[in-house]
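A.B. asks: Chain residues, written in single-letter form:
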Amino acid sequence: EPEVTQTPSHQVTQMGQEVILRCVPISNHLYFYWYRQILGQKVEFLVSFYNNEISEKSEIFDDQFSVERPDGSNFTLKIRSTKLEDSAMYFCASRGSNEKLFFGSGTQLSVL
Amino acid sequence: SQKIEQNSEALNIQEGKTATLTCNYTNYSPAYLQWYRQDPGRGPVFLLLIRENEKEKRKERLKVTFDTTLKQSLFHITASQPADSATYLCALDMSGGGYQKVTFGIGTKLQVIP
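Read top to bottom, the protein sequences are chains Y and X. The opening residue of the first sequence carries number 1 in the numbering used here; numbering runs sequentially from there. The opening residue of the second sequence carries number 1001 in the numbering used here; numbering runs sequentially from there.
Because the hints were derived from the structure by calculation, they are not lab data. Do not take every clue at face value.
The list that follows gives simulated cross-link-like pairs (lysine-lysine, DSBU-like), each with its CA atoms no further than 30 Å apart [as the list claims (entries may be wrong)]:
1. Lys83/Y <-> Lys1101/X
2. Lys42/Y <-> Lys1057/X
3. Lys1003/X <-> Lys1071/X
4. Lys78/Y <-> Lys42/Y
5. Lys1017/X <-> Lys57/Y
6. Lys1017/X <-> Lys78/Y
Now the in silico label distances, taken between C-beta atoms and shown as ranges [to be verified]:
7. Gly96/Y <-> Glu1052/X: 19 to 27 Å
8. Gly96/Y <-> Lys1059/X: 16 to 24 Å
9. Thr1068/X <-> Glu85/Y: 34 to 42 Å
10. Gly1096/X <-> Asn52/Y: 15 to 23 Å
11. Lys1059/X <-> Asn28/Y: 18 to 26 Å
12. Ser97/Y <-> Thr1026/X: 48 to 56 Å
13. Pro1082/X <-> Glu59/Y: 34 to 42 Å
14. Arg80/Y <-> Thr1078/X: 43 to 51 Å
If you're wondering where the values come from, they're calculated on a predicted model, not measured in any experiment. Backbone N, C-alpha and C fix where the C-beta goes; we use that ideal spot for every residue, glycine too.
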């Protein structure tokens, strides 16, 4: 079965550094999402992306965050200046023509 | 604003019994509601979707109901097995039908005891 691929699986960074989390959605999907999950908490919506622009974003997704689909296969989440509270598991998801979301295995981000 | 409420306390049941998990929402009835399974350290995996005009949906040992009057969905696993142990998430689209803001409840952790 096709799957969403995320890299790296773990990322450690210093506070204030920029990080880019990468995702390869399922190839014929058109809708892309980023979620995050702080340990022990719920899966939180960050942003959705369709047709090369942001469709919806949450209040968490402030100016420190950006998303991009730089080519036909990758979908990236950039955090410009990481804070301690950005430490979380970040999940990418994609969707085809129905409502079913397919999630990647996540990138565990640790900000020191 | 719309809230999704799931019992965040763990549910422990004996193998072979039926597990019933609850999802309540607070405001408008969504066009559909989804259930996902999440294992530790993994992304959610889609299980079932039920639409507002459907009362019940089944898939193998799974059954979902949707009561728009009570603003509630129930998720049942019959003949539960230890392999069913996981956290089960309820999800709603908060973007008014565009499916662009699918939001999850906190999830209920199910433990099936052999």
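A.B. asks: It remains to establish, for every hint, whether it holds in the given structure.
C.D. replies: Structure-based check of all given hints:
With a C-alpha separation of about 25 Å, the suggested pairing of lysine 83/Y with lysine 1101/X holds against the 30 Å cut-off. At roughly 25 Å between alpha-carbon atoms, lysine 42/Y and lysine 1057/X fall within 30 Å of each other, so this suggested pair holds. Annotation: proposed proximity of lysine 1003/X to lysine 1071/X holds, straight-line Cα distance about 11 Å (limit 30 Å). The hinted pair formed by lysine 78/Y and lysine 42/Y meets the criterion: a straight-line CA distance of about 21 Å does not exceed 30 Å.
Note on lysine 1017/X and lysine 57/Y: the hinted pairing is violated, with a Cα-Cα distance of about 41 Å set against a maximum of 30 Å. Simply put, lysine 1017/X and lysine 78/Y have alpha-carbon atoms about 46 Å apart, too far for the 30 Å limit, and the pair is violated. Evaluation of the 19 to 27 Å hint for glycine 96/Y and glutamate 1052/X yields a pass: the beta carbon distance comes to about 22 Å. For glycine 96/Y and lysine 1059/X, the Cβ-Cβ distance of about 19 Å falls inside the hinted range of 16 to 24 Å, so the restraint holds.
Hint check: threonine 1068/X to glutamate 85/Y, Cβ distance near 37 Å, so the stated range 34 to 42 Å holds. Separated by about 22 Å at the C-beta atoms, glycine 1096/X and asparagine 52/Y satisfy the suggested range of 15 to 23 Å. Taking 18 to 26 Å as the suggested C-beta distance range, the pair lysine 1059/X and asparagine 28/Y conforms, at roughly 24 Å. Checked against the hint of 48 to 56 Å, the pair serine 97/Y and threonine 1026/X fails, with Cβ atoms roughly 30 Å apart.
Between proline 1082/X and glutamate 59/Y the beta carbons are some 39 Å apart, a value that agrees with the proposed interval 34 to 42 Å. A beta carbon spacing of about 49 Å between arginine 80/Y and threonine 1078/X agrees with the range 43 to 51 Å that was offered as a hint.
In this structure, the earlier hints numbered 5, 6 and 12 are contradicted, and the remaining ones agree with it.
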